[in-house]
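Enquirer: Below are the chains, spelled out letter by letter.
Number of protein chains: 2
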Amino acid sequence: MKKEIPLYDIVIVGAGPVGLLLSVSLSRWGYKVRHIDNRPVPTATGRADGIQPRTLEMLKNMKLKSKILAYDPARVFEVAFWDPAPGEKIVRTGTWASCPEFLDARYPYTALLHQGLIERVLIEDLEKNGTKVQRPWTITRFETNHVNPDYPVEVDLKNLDSNVTDTVRAKYLYSGEGARSFVRDQLGIKIRHKDPISHVWGVMDGVVRTNFPDIKMKCTIHSDHGSIMVIPRENNMVRLYIQIASSTDPDFSPRKTATVEEVQTAAKRIFQPYYCDWDRVEWYSVYPIGQGIADKYTLDHRVFMGGDVCHTHSPKAGQGMNTAFHDAVNFAWKMHLVESGFANRDILSTYEVERRFIAETLLNFDNKYAALFSQRQPTASEVSDAHKHDAGETENEFVKMFKASCEFTAGFGVAYNGNIFNHGPEHPFQHPLIITGSPQLRPGRIMPPSNVTRVVDANVVHLENEIPYNGAFRLFIYAGLKQSPKKGQHQALLDLATGLTGPNSFYTRFASAHRKLDNHHDMDNPHSSFFSLCLTMAAKRPEIEISDLPALFQDYAGRVYADDRKDMRVPNAPASAHAKMGLKEGEGAVVVVRPDGHVGVAVRLVEGPGTVEALEGYFQGFTVPEGKAVTKSPSSSGLGGGSEHVKAQL
Amino acid sequence: MKKEIPLYDIVIVGAGPVGLLLSVSLSRWGYKVRHIDNRPVPTATGRADGIQPRTLEMLKNMKLKSKILAYDPARVFEVAFWDPAPGEKIVRTGTWASCPEFLDARYPYTALLHQGLIERVLIEDLEKNGTKVQRPWTITRFETNHVNPDYPVEVDLKNLDSNVTDTVRAKYLYSGEGARSFVRDQLGIKIRHKDPISHVWGVMDGVVRTNFPDIKMKCTIHSDHGSIMVIPRENNMVRLYIQIASSTDPDFSPRKTATVEEVQTAAKRIFQPYYCDWDRVEWYSVYPIGQGIADKYTLDHRVFMGGDVCHTHSPKAGQGMNTAFHDAVNFAWKMHLVESGFANRDILSTYEVERRFIAETLLNFDNKYAALFSQRQPTASEVSDAHKHDAGETENEFVKMFKASCEFTAGFGVAYNGNIFNHGPEHPFQHPLIITGSPQLRPGRIMPPSNVTRVVDANVVHLENEIPYNGAFRLFIYAGLKQSPKKGQHQALLDLATGLTGPNSFYTRFASAHRKLDNHHDMDNPHSSFFSLCLTMAAKRPEIEISDLPALFQDYAGRVYADDRKDMRVPNAPASAHAKMGLKEGEGAVVVVRPDGHVGVAVRLVEGPGTVEALEGYFQGFTVPEGKAVTKSPSSSGLGGGSEHVKAQL
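Chains A and B, in that order, give the protein sequences.
Following full-length UniProt numbering, the numbering of the first sequence begins with 1 at its first residue and continues without gaps.
Following full-length UniProt numbering, the numbering of the second sequence begins with 1 at its first residue and continues without gaps.
If you're looking for bench data, these hints aren't it; they were derived computationally from the structure.
Please note: incorrect hints may appear among the correct ones.
Copies of the same chain look alike in the list, so a pair counts if it fits in one copy or across any two.
Derived pair list, reagent style SDA-like, types lysine to any residue, alpha-carbon separation capped at 20 Å [what the hints assert, rightly or not]: (1) Lys296 <-> Arg345; (2) Lys540 <-> Thr93; (3) Lys63 <-> Asn236; (4) Lys60 <-> Tyr71; (5) Lys67 <-> Asn235; (6) Lys67 <-> Arg120.
Take the sequences, apply the hints, and build the full model.
Expert: Shown next as structure tokens:
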């Protein structure tokens, strides 16, 4: 009797940050995930710990932020610099904001807690959605073949306890194995080292008692006895990073190590004249690290990799877990849009293009960042210049670089280049209504945050988070001020609704098969699981009657907003959410935001068919052409009402 | 063999809001609690549901707010009024903020979710601290006698499943049994009815589908077919209150009832011309309710009562659970301060005085509130006047009353009268440095919220929440601007520290026996479990060096703040937290805040011994005189390092 081979949408190898967030995403969207990890238990403590401001926003959008903050992470608002002073002392030479005011961040701090707690939140979420990480399992073989064209990846798995083996087939294989990757090795993909210098780092988490005044701040301490980086942690802990060896040392060995006591003794010497004793050590590790980047993230668009498999760098800037999270999200929505019959398969190539570009930027930054710390210390006046909201002509090279660094480390510098998703001058489709050159609405970047009042319940809300992370494209419609929003007189809005709901529009083509059924309580996807709409009117809440709006928007009653909140960043704007998007009084727009929160394209909202024409052209760039739409749902049916998508027959 | 009688600090009867929050407080502070409830399981759904802005602040201070908000309650920001219109219709005649801008609230909304979820959060918290609610147990007898003078209350308990009985002794018995109370009946305490009119209410929780536009808002709907109150709830639910009978009806019976279908039919008629259908009904109840208040909350200061045992009123204003919570907190800290040897036993009389006064205010308000809704509808212009921050001379009687109502329903109108805790002109101790007549620092009221920067880690924090709810008096020290905060030149601060740490000061007298032991990581109570200090300097964060401060404040390193944040309410103030307390530039103060967040007294901070003299006089009003201090800890030892308090020998 032939054993039936189990079929999965995806096999995910590794349950670190990248594997877990990918698993969370796909499990939420109803995919059948086989997820393994070769460690017998999840991370207990230590390892990565920094969640950057932009990552916090993304976790908020996924409704995971409050669960992570419930563990009371340390919050870093400022970084302090300490330098050698006469008499074998150290002295504070400056402090600066880790996410300065010129960055428009919801959460202008880095949250620090150990990776195990973060993993716990993600594991709970994916278990709630029916996926369980199997441990300790490893991957022993994989190949892409044509035995079953729907599930082209064949994978051999093995339980490291029982030695039981299992062969499965999947649509995709994703490696989040970390720096040492079986999958990458098997594919023969090389790691390229950007910087020939590598280092051995010691890292120690523990509770110290000290009179060093900045022990609750992130600090870089340079002393005549060596350097150390201090990072506050949850539960009164502190993390110390200490460089144990560098390949520039004459006797360098990547195997060089140091005991706990040696590191503590070194730290005591660096902290002088302050004392520093240990109550307890929670975690200690020594590891060599080089800067490396994988040549490819995939060879065949079936077997993919992300996270530390593809890029390694120093832990100094706290970017590792953040970059891994964004790798996972970037892959998740693209795979989803292909597998659910919305987008052409070739969009998968943008995963490597976008994420490898960010990894390269990260490595370049890592070099510069290291130099910034080790070569030249900023003066107090340079630091104070950098903090000004509008530094103007006083900016020197250092300040400029610092600004760019802050934006990057906070996560707001992630800017994808133009491609089929991120509209730009090289995009094959052009239209006069597409907004170009706006500093606020830059395709490839995230949109600025804004507060608005939800009409239906008068709640003050974060507009950018009103559409949750649900795999859909987001159409943020700014109605402008041209006409009274009352009594259906807003012709541009009426024309937009007419165009979107027209028989052949991109919006109608991907309407859910169930869309004529019950959508009364579904404010996110009443018509299509591929689109979520948000309508923001430049009016006061009591002036807006949802029953006067075109029928399309009445189905989104819970996603209609009044732009009537004051914003300190645009204090004189009559409609601050419009103003923050760079829309002048009277101007309306439709901002298309990708499922990961990055702007795709922004189109002016005008009377007539032009606005929808421009949107149509953009979506035709990557959606499945008419007649080719996949008519089946993802293999699991966990999606609820809107899970099956067919070409609607209208 | 004689059976040993179990001894408890307190027996709590009833696990509704008042009993649970009392149990949470005392369990956290290490008391041995016997807690019973006669229901076999906790509340499953329905019942009380409204958490008012001030209660949210209190729950935040207890670190319970985020756990409650994790259940995603509905948030009410505005109230809408609907009135009859020609043609058997209803029409919206106005809306207003439920917590208008003139109230300086951190959380300007009412959170709505069913009592069971709120109870779950409290039950988890008390179980974490070693108390378990026993069910189904009831109280069958109690008496206060002298068999064991340390545990004067003898209580018979009975398990309603097994009929097992148990006799225990306790220091206190607290009844949170609800409107029908065995304890109250046994004590022969009468309920007095303020208003002779009583009503029968129907209340229904469920999911409706309707085109009524304000179904997500709190609404009062008057129609020609009757009246209804709409309250949005968690999980897409809505609560409808409908008055079924009134004692003013000619055929009134308190036993009058109505079926689910009858109420639904009545609602459909009232909602016309909007449709209203039910997806499901989650909870339905009909209950007669009258306004009543107990004559006494205790007879002997050993057996106490609170919550619905002492006061009942209409559910309209959503005050029930909130008042119960404040009853619990008010009793908890007073019992704690007596039992831990800090305060004289006679302070327990202030529990009834303070809380019965609030209950009376609530009942008076309840009458007026009902009249406000049923007699006269506000015009749109009246409503809009009331919303202005500074309404000036356009205020009419109605607007004034509305303002007062908002303050009260939001919880900010709770103002305890002058007594031994709340300094005022009738207080036996007077001192010229005591601040009088300040609109911001009114003894008996809570202090205004403010944002400051914590020096030690540069975190922007809510100053009023920096000292958690830990049973201690809070000394908020505002250093003023008179001198540079650097280099120890602040003489007034130095004199304050010297005075507080002097050998016979109130602060030193109640120093913890363990205070010379390890206080390195205890920022809340490094010296004494009865006092927590917060020092706010009118300076920028980098200007403040904690090592330059008097030693007292160095032990509170984590409780030193820079008053360097902008506040929209005092945009031009050089130090906004100072300004929000009514302190002019250069003025300093010590604001004594009771363990429940209400201001006790505010004293000017000046050079010399005067400030500490004034504080000493205030605390001598209720602290145990020298030589009488209790030398033992609460019977359980769950308090950690600072749990035992002895008279320090200095």
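Enquirer: For each hint, tell me whether it holds in the structure or not.
Expert: Now the hints, each set against the structure:
1. Lys296 <-> Arg345: within (18 Å within a copy, 76 Å between copies)
2. Lys540 <-> Thr93: Classified as between; 16 Å across copies, 49 Å inside a copy.
3. Lys63 <-> Asn236: This pair counts as between: shortest inter-copy Cα distance 18 Å, intra-copy 26 Å.
4. Lys60 <-> Tyr71: both (15 Å within a copy, 15 Å between copies)
5. Lys67 <-> Asn235: both (16 Å within a copy, 19 Å between copies)
6. Lys67 <-> Arg120: Result: close both inside a copy and across copies, 10 Å intra and 17 Å inter.
The structure meets every hint from the earlier list without exception.
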